[in-house]
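Line by line, the protein sequences give chains A and B. Convert by adding 99 to the 1-based position in the first sequence; the result is the number in the numbering used here. Convert by adding 99 to the 1-based position in the second sequence; the result is the number in the numbering used here.
Quick caveat, the hints were computed from the structure, so don't treat them as lab data. Please note that the accuracy of each hint is not assured.
Which copy? The list can't say, so a pair holds if one copy fits it or any two copies do.
[Said to hold, decoys possible] With a straight-line Cα cutoff of 27 angstroms, these simulated DSS-like cross-link-like pairs (lysine-lysine) come out:
(1) 194 - 124
(2) 124 - 289
(3) 125 - 289
(4) 194 - 125
(5) 205 - 171
(6) 125 - 171
(7) 205 - 194
(8) 205 - 124
(9) 116 - 194
(10) 194 - 289
(11) 125 - 205
Protein chains: 2
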Amino acid sequence: MNLSFDHITSASNPSIKLLRSLERKKGRNETGLFLAEGARLIEQALAQNWQVETLIISNSGAERDYVQALAKRASDQGARLIQVPDRLAGSIARKDNPQAVIAAIKQRDLALDDVSPDATGLWIGLYECRDPGNLGTILRTADCAGAAGVILIENCCDPFSVEAVRASMGSLFDVALARTDFAAFNAWRKSGGLNMVAASVNGDTSHIGVDFVQPSLILMGNEQAGLPPSIEAECDTLCLIPMRGGADSLNLAQATAIMLYEGWRQRGFA
Amino acid sequence: MNLSFDHITSASNPSIKLLRSLERKKGRNETGLFLAEGARLIEQALAQNWQVETLIISNSGAERDYVQALAKRASDQGARLIQVPDRLAGSIARKDNPQAVIAAIKQRDLALDDVSPDATGLWIGLYECRDPGNLGTILRTADCAGAAGVILIENCCDPFSVEAVRASMGSLFDVALARTDFAAFNAWRKSGGLNMVAASVNGDTSHIGVDFVQPSLILMGNEQAGLPPSIEAECDTLCLIPMRGGADSLNLAQATAIMLYEGWRQRGFA
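Extracted from the complex, chain A is given alone in its bound form (with noise of 0.2 angstroms):
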């Protein structure tokens, strides 16, 4: 193989301070891209064509196998190599013992018109989830239950975000992911047809009680407030899901796993 690395050994490198950047929202914004850490989840980037544009390789798993074979992917892609110290990787990484590659990746236009609401999947409505490991979670039991895709509604945290990234273990690179505002959304799902469920404390019914055989919608809430009155008066129907007496609530992602599997269930898991 004959791969052009360009070497960088000094943390004040312009490189090195842009990468460092994207660990904050304000630099992924800046620049466009997020990082992703580890030969998995760039490979699964690199498959669905996630467009790479740096690919930081630490200087102890610069020989290994794996590491020139992604190197040589991410390249004829189009990626710049960049070869640095271990500590310089950990800076990037924000941890003392870093993946052996890191990728700058270039992030999506998360636009509602590009994700069609009459797939045959169930779809997620996340309103105001704040936890970016919650929504990361939350990628990749959709990516694993099938489902549709996972728009995420009013004020969420970011996709992109380092946490997400690293919680959703690639599933962010496969799943159809949009960012609106509740009236699109919720004229994007009429317009689809799709019943809108969402989970409750104010529901009436329990969640197994809930027809998920039809095209739907399974809307959940913000960790703390929920869902406030004026957008569960726009749901189709609210479920509770059982807890005994005495316990608190269930973690949002929990909750959204346990909707979806009972959705897939009532489906045949087909």
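For chain A, the structure is supplied; the task is to place chain B on it using the hints.
Just chain B now, with coordinates in the frame of chain A:
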């Protein structure tokens, strides 16, 4: 009220050093204590008669009514009360904006002898669960689903770590919990006649094909490696949670929630 507070302002005070040591396993092991943050969690601990050794109150929170009420209650149950500047509270919680109250609580012995296998609820066994966020989240879900309890098997992460306590949202104080090796665990579940069902990629039936109405234990493996063959061989049933082709795997806490809620569904959520 006439509460007696120790006022401490120095980070080098031995009491502060001890409290700060509880962030690490070594400190928790040496003292038998652990940290819980926030009034809601600490109230749950007191309500379940966990022994609060020390209640730390930040200067900015000290005048609030709910903090005073909590301090009174903790003091009545024998806690030492310490008031500190906000920056010291932050140094104990390792956060810039700590909660107004932090408690150092006495760990409970997690002996298997203290939990009886003949309960009516579903049991959860976690084999080498390594992620404290997963463990805490599973405790929270077990609490919501009225599970009989959670058994930590072999080399699991510490349920008293700050991250596990935080993710459990107080369910650590409510859920029956024990820690043991596999041999003792297996003898224990057999003595209670518990059908041991593991989620496994080697499962030959879907999780909805399992009879969870009989006395049952759900066994979940390690985040990366799952269950070793020798452990799977001891199970009564290996089942598979359906996943679409191409997806990798579910997060451990998500898979546990899906198993548990399927089991509880079969029992009519009773």
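Here is what the structure says about each hint:
1. In the homo-oligomer, the alpha carbons of residue 194 and residue 124 lie at most 27 angstroms apart both inside one protomer (18 angstroms) and across protomers (20 angstroms), since each shortest distance falls under that limit.
2. Taking CA atoms no more than 27 angstroms apart as the test, residue 124 paired with residue 289 passes in neither setting, with 32 angstroms inside one copy and 52 angstroms between copies.
3. For a Cα distance limit of 27 angstroms, the shortest separation of residue 125 from residue 289 qualifies neither inside one copy, at 34 angstroms, nor across copies, at 56 angstroms.
4. Within a single copy, residue 194 and residue 125 get their C-alpha atoms as close as 20 angstroms, and across copies as close as 22 angstroms, so both meet the 27 angstroms cut-off.
5. In the homo-oligomer, the alpha carbons of residue 205 and residue 171 lie at most 27 angstroms apart inside one protomer (19 angstroms), although the nearest pairing across protomers, at 55 angstroms, exceeds that limit.
6. In the homo-oligomer, the alpha carbons of residue 125 and residue 171 never lie at most 27 angstroms apart, since the shortest distance is 31 angstroms inside one protomer and 45 angstroms across protomers.
7. In this homomeric assembly, residue 205 and residue 194 come within 27 angstroms of each other (Cα to Cα) only inside a single copy, at 22 angstroms, whereas the closest approach across copies is 32 angstroms.
8. When the C-alpha separation of residue 205 and residue 124 is checked against a cutoff of 27 angstroms, the pair qualifies only within one copy, where the shortest distance is 14 angstroms, while the shortest distance between copies is 40 angstroms.
9. For a Cα distance limit of 27 angstroms, the shortest separation of residue 116 from residue 194 qualifies both inside one copy, at 16 angstroms, and across copies, at 26 angstroms.
10. For the identical chains of this complex, residue 194 and residue 289 are neighbours neither inside a copy (45 angstroms) nor across copies (44 angstroms), given an alpha-carbon limit of 27 angstroms.
11. Taking the shortest Cα distances, residue 125 and residue 205 sit within 27 angstroms of each other inside one copy (15 angstroms), while across copies they are farther apart (42 angstroms).
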